[in-house]
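With chain R's structure known, arrange chain Z on it following the hints.
Single-letter residue listing:
Number of protein chains: 2
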Amino acid sequence: MNYPKSFEELIECFKLLPGIGEKNAERLAFAILTFEQEQVDFFSDALKRVKSNIKKCEICNNLSEDKTCLICKDKSRNKEIICVVENAKNLVLFEKAKIFNGVYHVLDGLISPLNGINPEDIKINELVNRIKEEKIKEVILALNPSVEGETTSLYIKKMLEGLDVSITKIAAGIPVGADMEYLDPMTIARAMEGRKEVS
Amino acid sequence: MNYPKSFEELIECFKLLPGIGEKNAERLAFAILTFEQEQVDFFSDALKRVKSNIKKCEICNNLSEDKTCLICKDKSRNKEIICVVENAKNLVLFEKAKIFNGVYHVLDGLISPLNGINPEDIKINELVNRIKEEKIKEVILALNPSVEGETTSLYIKKMLEGLDVSITKIAAGIPVGADMEYLDPMTIARAMEGRKEVS
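Chain order of the listed sequences is R and Z. Just so we're aligned, residue 1 is where the first sequence starts under our numbering, counting upward by one. Just so we're aligned, residue 200 is where the second sequence starts under our numbering, counting upward by one.
There may be inaccurate statements among the hints.
BS3-like, lysine-lysine: derived pairs with alpha carbons at most 27 Å apart [to be verified]:
id, chain 1, residue 1, chain 2, residue 2
1, R, K123, Z, K222
2, R, K89, Z, K214
3, R, K79, Z, K204
4, Z, K288, R, K23
5, R, K5, Z, K274
6, R, K15, Z, K214
7, Z, K278, Z, K247
8, R, K23, Z, K214
9, R, K51, Z, K247
10, R, K15, Z, K288
According to the in silico footprint, chain R covers these stretches of chain Z (three or more CB under 8 Å from chain R) [what the hints assert, rightly or not]:
id, region
11, 245-253
12, 311-320
13, 365-379
Hints listed in this document are in silico derivations from the structure and should not be mistaken for laboratory results. Virtual Cβ for every residue (Gly too), placed ideally from N, Cα, C.
The shape of chain R in the complex, shown without the other chains (with noise of 0.2 Å):
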């Protein structure tokens, strides 16, 4: 133990967190040597009340620390539309782009045999239920376009067949301010698939 016993535990901790290796570790605990004591305080805080306090949307499986989330809660929201997203770190993506002004329904992840994440595993049952209840329009799905992302997207598609709800798919394509030559060829497939008549 090169370091004092409190210091060395608040470098395992930052270990845990992901991409903080021990030499980043050990930067992050001498930066919180100079800290004021009331950032300390705030941060231990921070920690704790974010464990406490943050629960799960019971509409739409969003990040909320009331019973819904605050899109839900919203009533300026289209609530006849659905965007269906693959974790709640997406979902600000979308918030962000400021496009978007219906509701979202949380998957909690991508349906993925291989790592034995199965439909029920994610909130795909808590989507459908949500469809035959409320008087929904149109579910966008807005999942990424991986083997896992496509799969859960067709599975989506098969269990709303035979439902009154237009389905649609976030368009796939160059992304904006990218150089072409640097794409791969799925993509340049994919764009050249979505074409549009220019108007």
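Quick look at chain Z alone, frame taken from chain R:
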């Protein structure tokens, strides 16, 4: 605000850490949600403990939970050789190399007039007093081979003039395992200057 309040607050805390930007802070906050309750409590307490327990060693200025650090307390260490390092992090680098059995002196910075750091802002006087008061045979200057490091080494050498103590400096040269092709001319020059007869 896209996340619940307590979650946003934790993200802000992570963003205070060096090298952690918005995206990374979000990722770390999501990781905390997956932690066990005990892990979060331990992390939260570790932050507070570090801030309250970690002081500076009265002798060498190393991190310590007591008045004197574990190294200064250790009776098996040679108290006649002092290795002068920039900070507690660099001290640990030498400890990990397991090559040195003397004691240390942590300057807590390097002289850098451009950044407003003058000799009196770092622990140079404390070092000089130690050498005058204790029976020190050798002072090893183990500072970065940067402009600031060299300036600080020169300053310390001057301050110790006339005292009966040998002053040495760690070797600059080719790092073990490095490919010379990628080294700067300064390092090559230092390696050349520091050449030794093959024994």
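Structure-based check of each hint:
This hinted pair checks out: R:K123 and Z:K222 have alpha carbons roughly 25 Å apart, not beyond 27 Å. For a cut-off of 27 Å, the pair hint linking R:K89 to Z:K214 stands: about 17 Å separates their Cα positions. The straight-line distance between the Cα atoms of R:K79 and Z:K204 is roughly 23 Å, inside the 27 Å bound, and the hint therefore holds. With a CA separation close to 10 Å, the supplied pair Z:K288 and R:K23 stays within the 27 Å bound.
Our distance criterion of 27 Å between C-alpha atoms is met by R:K5 and Z:K274, whose separation comes to about 20 Å. Under the criterion of a C-alpha separation no larger than 27 Å, the hint pairing R:K15 with Z:K214 is consistent with the structure, at around 17 Å. A distance of roughly 33 Å separates the Cα atoms of Z:K278 and Z:K247; the hinted pair therefore is violated under the 27 Å criterion. A C-alpha spacing of about 18 Å is found between R:K23 and Z:K214, which places the hinted pair at or below 27 Å, so the restraint holds.
Using a Cα cut-off of 27 Å, the hinted pair R:K51 and Z:K247 holds, with the two alpha carbons roughly 17 Å apart. For the hint pairing R:K15 with Z:K288, the CA-to-CA distance comes to about 17 Å; that is within 27 Å, so the pair holds. For the region 245-253 of chain Z, the stated coverage by chain R is satisfied: 8 residues place a CB nearer than 8 Å to a CB of that chain, which reaches the threshold of 3. For the region 311-320 of chain Z, the stated coverage by chain R is violated: 0 residues have a C-beta nearer than 8 Å to a C-beta of that chain, whereas at least 3 were required.
Only residues whose C-beta sits within less than 8 Å of a C-beta in chain R count toward coverage, and the region 365-379 of chain Z has 0 of them, not enough to reach three; the restraint is violated.
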